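Generate coordinates for the entire structure from the input sequences, incorporating the hints supplied.
Here the protein sequences come in this chain order: A and B.
With the first letter of the first sequence counted as 1, position 62 gets the number 62 in this note's numbering; the numbers rise by one all the way through.
With the first letter of the second sequence counted as 1, position 56 gets the number 56 in this note's numbering; the numbers rise by one all the way through.
If you are wondering where the hints come from, they were derived from the structure by calculation, not from laboratory data.
Small disclaimer: the values here were computed from a predicted structure and weren't measured.
Treat the hints loosely; a few may be bogus.
Remember, identical chains collapse to one label, so a pair may be satisfied in a single copy or spanning two.
Each computed BS3-like pair below joins lysine-lysine, with the alpha-carbon atoms no more than 30 Å apart [said to hold, decoys possible]: (1) K66 with K99; (2) K99 with K86; (3) K144 with K86; (4) K99 with K144; (5) K144 with K66; (6) K132 with K144.
Protein chains: 2
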Amino acid sequence: MPVRKCLGFFACLLMFAAAAGEMARPVYTPAGELVRPSGYREWIFVGANYGMGYNPADAAAPAKEKVFHTIYIQPEAYRAFASTGKFPDKTMLVMENRKAGTTASINRQGMFEDGYAGIEVALKDEQRFPEKWAYFVFFGAGGKELATARAMPRDRCWSCHNQHGAVDNVFVQFYPVLREARSNPTAQQ
Amino acid sequence: MPVRKCLGFFACLLMFAAAAGEMARPVYTPAGELVRPSGYREWIFVGANYGMGYNPADAAAPAKEKVFHTIYIQPEAYRAFASTGKFPDKTMLVMENRKAGTTASINRQGMFEDGYAGIEVALKDEQRFPEKWAYFVFFGAGGKELATARAMPRDRCWSCHNQHGAVDNVFVQFYPVLREARSNPTAQQ
Chain A
1 MPVRKCLGFF ACLLMFAAAA GEMARPVYTP AGELVRPSGY REWIFVGANY GMGYNPADAA
61 APAKEKVFHT IYIQPEAYRA FASTGKFPDK TMLVMENRKA GTTASINRQG MFEDGYAGIE
121 VALKDEQRFP EKWAYFVFFG AGGKELATAR AMPRDRCWSC HNQHGAVDNV FVQFYPVLRE
181 ARSNPTAQQ
Chain B
1 MPVRKCLGFF ACLLMFAAAA GEMARPVYTP AGELVRPSGY REWIFVGANY GMGYNPADAA
61 APAKEKVFHT IYIQPEAYRA FASTGKFPDK TMLVMENRKA GTTASINRQG MFEDGYAGIE
121 VALKDEQRFP EKWAYFVFFG AGGKELATAR AMPRDRCWSC HNQHGAVDNV FVQFYPVLRE
181 ARSNPTAQQ
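So, in structure tokens, the structure goes:
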């Protein structure tokens, strides 16, 4: 098959797969780093939070350093969790960080999501990781965006997720959309 | 373009359109009320905020009364806005209200989204509403969930949205995902 035709064919297949709902899968570099997931803003949003922190010592951090997190999951993993209560292999949760806006426009109190500040990813890959889940941060020094990232050391993310995640290393206790999908899988919210 | 290639292209487009689904449309009762939209949690999330308010007098409200808002739009309206900068007719923005959780589980600071507290809807229907947009609140006294809702009076929602919405009655200034989709329509976030 000529190369151009072949590329067109595969581009078409990819479009169809995306539209037909084939679950986005992790892609690794030859060196074993995870390629930054794309297209996650069209995944399922499962929860937001503002200024959260697990360390009491951080409570005094200035308000301007506090961020919003918004968390997304692949639609297929969302539906699998809703119907079975389990996260399928290759589940990815993308956590987007955003700075907080305050008194812009007509707003006089509270905070709204503003500038993009990088993503972090939790990935379940049972063949690849002995602990099943691994965690990746896609921003470096000074907030520099990274195209690929290596798995964080086990004691930086995995241990806490494993100890405190309500379901299979995932903080479902903070993701109400997941909780409600699971408690009523057929509900059309 | 050769016929076979052209056919292949359109077949591909049709496959894509069929798989991608049609835009959810508003449904009205015979009395003219809007039926509560379903399935919006699988739409595109465009932004979250916490404790926002436009009235300085409300700034002293107790923290426990502050809520999170998360805002969704139909995927087709999202893509249309990204590529044209305009919201198509029948665009719906669903704003979900959620109570704020605080020190549950291992969290020691900040707030996370917790219990569901009803939805509000902004709807563009050019044939039906002389002002093009109308606004609906799907909870009543005591937070009671409503299956249908009548349009709010013009001076309760429309006027403020019309005066302050950055684009066509929509508070795009508070929805970073819409802003970024518009500034870079082909980006795969």
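Status of the hints after comparison with the structure:
For a Cα distance limit of 30 Å, the shortest separation of K66 from K99 qualifies both inside one copy, at 7 Å, and across copies, at 19 Å. Proximity of K99 to K86 under the C-alpha cut-off of 30 Å is restricted to the inter-copy arrangement: shortest distance 26 Å between copies versus 32 Å within a copy. In this homomeric assembly, K144 and K86 never come within 30 Å of each other (Cα to Cα): the closest approach is 34 Å inside a single copy and 32 Å across copies. Taking CA atoms no more than 30 Å apart as the test, K99 paired with K144 passes inside one copy only; the shortest distance there is 15 Å, against 34 Å between copies.
In this assembly of identical chains, K144 and K66 lie within 30 Å of each other by CA distance solely inside one copy; the values are 18 Å within and 33 Å between copies. In this homomeric assembly, K132 and K144 come within 30 Å of each other (Cα to Cα) only inside a single copy, at 28 Å, whereas the closest approach across copies is 42 Å.
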